[in-house]
Amino acid sequence: GNSVTQMEGPVTLSEEAFLTINCTYTATGYPSLFWYVQYPGEGLQLLLKATKADDKGSNKGFEATYRKETTSFHLEKGSVQVSDSAVYFCALTRGSQGNLIFGKGTKLSVKP
Amino acid sequence: KAGVTQTPRYLIKTRGQQVTLSCSPISGHRSVSWYQQTPGQGLQFLFEYFSETQRNKGNFPGRFSGRQFSNSRSEMNVSTLELGDSALYLCASSLEASAKNTEAFFGQGTRLTVV
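If you read the sequences in order, they're chains H and L.
Each step along the first sequence adds one to the number in the working numbering, with nothing skipped, and position 67 is 67.
Each step along the second sequence adds one to the number in the working numbering, with nothing skipped, and position 100 is 100.
Be aware that a few hints might be false.
Just some of the chain H residues that point at chain L, by a computed CB distance under 7 Å [to be verified]:
1. G43
2. L44
3. D55
4. V82
5. N99
6. F102
7. K104
These are computed hints drawn from the structure, not numbers from a lab.
Glycine included, each C-beta is placed from N, C-alpha and C at the ideal position.
Take the sequences, apply the hints, and build the full model.
Here you go:
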């Protein structure tokens, strides 16, 4: 079946450090891929998305590239800030089934 | 514009009771989806409604049900509550029926605690 696997956290970084959160997926066909972010006490917000192979999604300094050959969609940011502290979820949708399938989430803590 | 509104924000219920949660989507959005978030299972899809019809359903027992009204507002109901139903229930709305092509906007959730 369709599934998403992302690196377990928590991840603790110092401000201005480089961030990578790994995400791989299993799906038949051509899923769309997403990164969502959840700040404490809040719902989820779409961070970025990519709908086809080799697409790069980007937003607020975060980037992720849809790699079909490695079935991956790793999230990166060159210089994290304290305000980036949150839980990050990788997700996919596939075909006519529009529901999102989420990874377990990775908690990021950024220290000043 | 107003975001997705979920009520109530917090709820405490006793085992065996039933509960109804409400979700008001963004104005103009016709699709509403529900997700359950727990520390152990993460985010799991419950069901999706579009134009008052259930389009898609996740792998949950029949105790979990929902509906959508003509104004796109949605409710979900859980009957015969179990301790394991304690979770954050998130509602998401989108313009169209598929998250593939339209952004899903999430509410802040309803935190249900079953004691």
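Against the structure, the hints come out as follows:
1. G43: Since the shortest Cβ distance to chain L is 4 Å, the answer is holds.
2. L44: Holds: closest Cβ of chain L sits about 4 Å from H/L44, inside 7 Å.
3. D55: violated (13 Å)
4. V82: Violated, about 22 Å.
5. N99: holds (4 Å)
6. F102: H/F102 check passes; min Cβ-Cβ to chain L is 4 Å, inside 7 Å.
7. K104: holds (5 Å)
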